[in-house]
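Sequences and hints are given; from them, build the entire structure.
Residue numbers (this note's numbering): 480 to 841.
To be clear, the hints were calculated from the coordinates, so they are not data collected in a lab. Please read these numbers as outputs of a predicted model, since none were measured by experiment. Every residue gets a Cβ at the ideal spot worked out from N, C-alpha and C, and that includes glycine. Check the hints yourself; a few may be wrong.
The calculated label-pair distances, taken between Cβ atoms and stated as ranges, are [stated by the list, open to error]:
id, residue 1, residue 2, range
1, P789, P526, 37 to 45 Å
2, D695, S739, 17 to 25 Å
3, G670, G543, 52 to 60 Å
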Amino acid sequence: MIPGGGPGLTLLDWLSATGGRSFVTRQASAENPTGGHGTGATRDPDPGHPDLVHSGPAMALGRGFKVRPYVPLPAGATLTLAEISGEGVITHLYLTSDLPDSGQLRLRCWWDEQPDPSVDVPVANFFGTGHPDRPHELLSLPVMVGPAGGCSAWWPMPFARRARLTLTNTGGIDARVVAYRVTWNLGPTGGLPVRFHAAYRRSETSPGRPDHVIADGLAGPGLYVGTALAWTAVEPGWWGEGEVKFFLDGDTEFPTLVDSGTEDYFGGAWGFGRDAHHLPRAPADPAPVEQPFCGPYAGCPLVETDESGPRRISLYRWHLADPIAFETSLRATVQALGWGSDRRYRVRADTVASVAYWYSAA
Numbered sequence: 480m481i482p483g484g485g486p487g488l489t490l491l492d493w494l495s496a497t498g499g500r501s502f503v504t505r506q507a508s509a510e511n512p513t514g515g516h517g518t519g520a521t522r523d524p525d526p527g528h529p530d531l532v533h534s535g536p537a538m539a540l541g542r543g544f545k546v547r548p549y550v551p552l553p554a555g556a557t558l559t560l561a562e563i564s565g566e567g568v569i570t571h572l573y574l575t576s577d578l579p580d581s582g583q584l585r586l587r588c589w590w591d592e593q594p595d596p597s598v599d600v601p602v603a604n605f606f607g608t609g610h611p612d613r614p615h616e617l618l619s620l621p622v623m624v625g626p627a628g629g630c631s632a633w634w635p636m637p638f639a640r641r642a643r644l645t646l647t648n649t650g651g652i653d654a655r656v657v658a659y660r661v662t663w664n665l666g667p668t669g670g671l672p673v674r675f676h677a678a679y680r681r682s683e684t685s686p687g688r689p690d691h692v693i694a695d696g697l698a699g700p701g702l703y704v705g706t707a708l709a710w711t712a713v714e715p716g717w718w719g720e721g722e723v724k725f726f727l728d729g730d731t732e733f734p735t736l737v738d739s740g741t742e743d744y745f746g747g748a749w750g751f752g753r754d755a756h757h758l759p760r761a762p763a764d765p766a767p768v769e770q771p772f773c774g775p776y777a778g779c780p781l782v783e784t785d786e787s788g789p790r791r792i793s794l795y796r797w798h799l800a801d802p803i804a805f806e807t808s809l810r811a812t813v814q815a816l817g818w819g820s821d822r823r824y825r826v827r828a829d830t831v832a833s834v835a836y837w838y839s840a841a
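See the structure below:
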């Protein structure tokens, strides 16, 4: 249904499907907003122009010397990142800004004639860093956040006739700097029948509401390809005992896929090291705590261990090598579960935000 094996094989699979027919690469950015052929870096410096406020450093050099490298985005305004006509695949998306909270930027993507966006997610959460007040890096195959908030995503995003991507400043602070790149290949896609989707959810768990719903109402056929969580552990103690469950193709009370614990689903074990008392360590070593890590397909790039206040945890799991296929429907949940002092499980009152990523024809 989609190119297999991860973004690294996307181009090879596409070339195979198209039989070597020609395609072209285009890129929209502040220097070339339309992504047109030979239309990049054509502005003359003019710091007094509202569209060229950052062109002052290029005054002595002139056209072609970083005249419009980024754009402002006032509070409440929307910027069109790319408006594409034709058939092709978006191959890379890059975003950064000077906002202290990238969660106030909202990314939306439309494919073909769809009336509603297939992607509608705060930028921080889309790139797996849903705690913008705790900036951190994330290094994985389809998503990377480099030092100081350079955000990249390599999810293949096919379209048959058109694509539109926008960025909206939903907060109350003006962004002075927004830098972006949308890169795509125009050409035959081999009739790929699926479209990329990403959906955001946030909930407060409690003993009466122990499950956070990651995804619900996904219509098949499709492939579920990723989960990103921004967990706020409001209560003290271990927070990640809950199971991740996937209800497939008409499952009701009981799921088809169920994991053995939050840390296990996201690629760790034994409380990400917090509960690793069975491992050898010197008597003088401090008590074990959760350990951050990043891997190609799974990771926990941010984990705060100080229990004097709410703690932030970022988690991701990309199902690139092991996509979850569903024929008619998919629902995914995670329990907010920890340990009680009596060594029994107890439901926690935490805050969980998630992004689900999938491909489907709907």
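Legend entry - Hints the structure fails to honour: 3
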